[in-house]
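Enquirer: Please work from the sequences and hints to get the whole structure.
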Amino acid sequence: MSNNSGIQSGGPGDDGGQFPSPFQPFQKSGDGGGLFQPFQPVQKSGDGGGLFQPVQKSSDGGGLFRQVQRGSDFFDNLSHCRDDGERIKLFLATAQRPDVPLKAIRHLLQYKDQFYLAMALQSFGYISNQTIRTKLANLDYIDGLDEPLDEIYQRPNPEDYKCHSKRIFEKLSQEAQSGSELTRLSAAWAIQQLQYPQIVSTMFLFKSAEDIQRQIISENLKRLNDRYSLNDPIRYKEFIDFWVYAPKNHLLQLLQSIPANHLTIPADHLKIVDNILARLGVAGVELVTQTYGLPKFVLEAGLRSADYLFRDPRYQDYKTKEKLSNALIPFLNNTDIDLRRLAAKPINEVGSWLNTDVRAKAAVISRDWNGNIVRLGEASVPFLLQALRGSLILDIRDNRGEQVKAVQSIGTIYAVNVDKKIRNLVEFLQHREESVRSATVSLLKYHQERLDQNSRYILTALDFQFFSPTTNFNFTSVAEVEGEITSTRQYQAQIKRIFQNAISSCKVDATEVLSFLSLKEREYNTLLSKHIESLEYSQSRIKNQEETDRYRFINDFVIVVIIAAFLACLPRLVSHVYMLWNQETDGSKYFIVGNIFSVGLCLLGWLVLKLVISLTCYYLSCDYLIRQLKWSEIGLFWGSIGVMLIVFIIILVFIITFISTELPFMMIFLLQQISGKSGTTK
1 MSNNSGIQSG
11 GPGDDGGQFP
21 SPFQPFQKSG
31 DGGGLFQPFQ
41 PVQKSGDGGG
51 LFQPVQKSSD
61 GGGLFRQVQR
71 GSDFFDNLSH
81 CRDDGERIKL
91 FLATAQRPDV
101 PLKAIRHLLQ
111 YKDQFYLAMA
121 LQSFGYISNQ
131 TIRTKLANLD
141 YIDGLDEPLD
151 EIYQRPNPED
161 YKCHSKRIFE
171 KLSQEAQSGS
181 ELTRLSAAWA
191 IQQLQYPQIV
201 STMFLFKSAE
211 DIQRQIISEN
221 LKRLNDRYSL
231 NDPIRYKEFI
241 DFWVYAPKNH
251 LLQLLQSIPA
261 NHLTIPADHL
271 KIVDNILARL
281 GVAGVELVTQ
291 TYGLPKFVLE
301 AGLRSADYLF
311 RDPRYQDYKT
321 KEKLSNALIP
331 FLNNTDIDLR
341 RLAAKPINEV
351 GSWLNTDVRA
361 KAAVISRDWN
371 GNIVRLGEAS
381 VPFLLQALRG
391 SLILDIRDNR
401 GEQVKAVQSI
411 GTIYAVNVDK
421 KIRNLVEFLQ
431 HREESVRSAT
441 VSLLKYHQER
451 LDQNSRYILT
461 ALDFQFFSPT
471 TNFNFTSVAE
481 VEGEITSTRQ
491 YQAQIKRIFQ
501 NAISSCKVDA
511 TEVLSFLSLK
521 EREYNTLLSK
531 HIESLEYSQS
541 RIKNQEETDR
551 YRFINDFVIV
561 VIIAAFLACL
571 PRLVSHVYML
581 WNQETDGSKY
591 FIVGNIFSVG
601 LCLLGWLVLK
611 LVISLTCYYL
621 SCDYLIRQLK
631 WSEIGLFWGS
641 IGVMLIVFII
651 ILVFIITFIS
661 TELPFMMIFL
671 LQQISGKSGT
681 TK
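Letter by letter, the sequence shown follows residues 1 to 682 in the working numbering.
In case anyone wonders, no lab produced these hints; they're calculated from the structure.
Since no wrong hints were added, every one of them can be taken at face value.
When the alpha-carbon atoms are kept at most 20 Å apart in a straight line, the in silico SDA-like pairs for lysine to any residue are as follows:
#1 135 <-> 202
#2 271 <-> 224
#3 421 <-> 404
Label-pair distances were calculated between CB atoms; the ranges are:
#4 486 <-> 395: 46 to 54 Å
#5 418 <-> 311: 39 to 47 Å
#6 519 <-> 470: 19 to 27 Å
#7 311 <-> 150: 58 to 66 Å
#8 395 <-> 483: 47 to 55 Å
Virtual Cβ for every residue (Gly too), placed ideally from N, Cα, C.
Expert: So this is what it looks like as structure tokens:
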């Protein structure tokens with residue numbers, strides 16, 4: 001792709017002379033990313049409309065353009081242009097005037113510079129005066145462009161006069177088939193736009209204008225993946241120049257040809273879009289934000305470019321700021337969160353001249369909680385309410401957290417005006433998110449007396465603090481347990497009343513709140529029911545323990561009485577038996593043996609009875625206690641039982657041993673008595 005940077009003298013008249021090339025060197029920003037970054041489309045612009053709108057008057061560096069009448073006027077105005085977008089606008093707005101200065105445009109056809117020649121060729125395609133367009137297409141005489149008719153008729157052969165419309169078509173055809181890619185594309189595009197009849201176009205064109213454009217665009221789109229060209233500074237600049245000055249529909253074709261998936265967009269492609277939009281300035285922002293169907297990353301690039309221009313001192317005139325604002329404001333309503341934030345950022349930070357409502361919405365979208373949201377006050381509230389109601393999503397990952405901050409912001413804005421605070425927040429006591437409800441409760445609970453009854457019921461339930469009961473087995477009487485059961489039942493009834501009132505006060509469609517309140521009521525009721533059940537077990541245990549104690553006392557008393565009576569009678573009974581058996585009158589010698597035998601027998605009987613009674617008590621009254629003990633306590637219990645058994649066995653062995661010391665004597669004595677009686681009988 002060639003680029004003739006020198007501009008040669010233009011020939012006759014006052015349009016001659018040399019002018020500097022409009023191509024400006026690139027200024028690198030960041031690490032190779034271009035001057036600034038990407039944008040987005042909103043409304044489709046018609047094919048026949050200009051790439052840009054007519055030039056507007058602006059101050060402070062924007063260029064106070066003088067209307068073009070002669071070719072030199074273009075060059076006088078170029079020095080006031082801030083970017084390539086304004087340079088292009090200068091030419092296209094001139095072509096779209098009803099009194100289009102054809103001579104001035106035709107004069108640019110004499111220049112070799114790629115920019116001037118390309119703009120002159122495209123200008124013919126952008127002519128909006130339909131009469132002139134028709135005459136150009138039909139190669140007719142055009143008054144004001146051609147010499148006066150009376151001068152033509154005075155010539156020897158007036159029929160041989162060649163109209164300038166024919167000369168323009170010849171120039172368009174010539175440039176469409178030779179020259180740089182940009183001038184070929186511009187000429188072919190102008191021919192297509194002017195709709196020359198086929199019989200006319202075939203006079204000079206070997207290929208149709210459509211085929212020429214298709215071939216050139218195809219070759220340049222392939223360069224997107226040509227790393228050699230993209231890494232070479234000269235080739236890269238030529239590539240960017242081509243797309244910056246190409247007709248609008250072809251530039252959009254480039255922007256739409258890059259894959260829309262963020263994960264697959266090469267860095268080189270992002271850099272290309274950034275550089276093109278940086279060169280076009282405000283016109284680039286308007287192009288991408290007003291075109292439907294562009295990839296998201298292109299829209300993001302356009303919005304970031306607008307942010308850059310908002311802060312650039314060269315673009316601070318009213319008209320420019322108005323254009324940028326008009327490009328950004330529609331994106332505050334975009335469904336894509338990322339695009340909304342990119343549009344809101346410059347409006348919120350440097351858009352102090354804008355309408356308060358616009359700034360307030362931008363502040364909410366930007367989540368400027370401690371800044372403009374509070375400073376703008378009541379203007380922010382409608383958009384905070386939108387965020388809380390779900391029509392304005394602030395964050396995909398943590399929208400609940402942003403909604404909580406929205407509630408807190410409303411509370412801050414209406415810190416003094418309690419009535420407005422209540423009026424704006426009371427509905428969010430029934431919000432679907434628990435965190436939002438909690439934040440609302442924290443702001444309204446100090447004003448319960450000013451709430452309506454239904455809201456007060458709901459707030460009371462949401463703010464209810466449940467005190468979990470603790471199980472206590474240290475009760476000493478049934479009356480204490482019964483008092484605790486009564487108190488727990490009253491607490492249970494209170495909770496049921498609070499939550500039933502709240503449930504009946506909720507809206508039918510507040511399903512999340514209804515579910516939450518019902519769940520909490522069931523949860524608290526279950527905990528208290530289990531506590532009551534535990535208390536009833538404790539009550540039963542204490543009752544059984546009291547019955548067991550009475551039963552043990554009675555049995556111990558009976559055993560003591562029996563044993564006492566037995567101890568009193570048994571020694572005499574034993575000695576009397578021995579006396580009768582030996583037919584003796586004095587049984588004193590048997591009294592000691594009888595006493596020893598009686599004591600041992602009574603002790604053995606008493607221990608057996610105590611064991612039976614203990615086991616019976618365990619079976620009757622200790623079952624609940626055993627179930628409530630921990631494993632360590634159960635081990636201690638059974639250890640105690642084991643110790644008791646061991647003690648019983650030791651005592652039993654001692655008694656048997658003690659008695660056995662007298663047993664041989666008694667046996668010998670008995671055998672002697674029996675033997676003596678037998679001998680006597682015989």
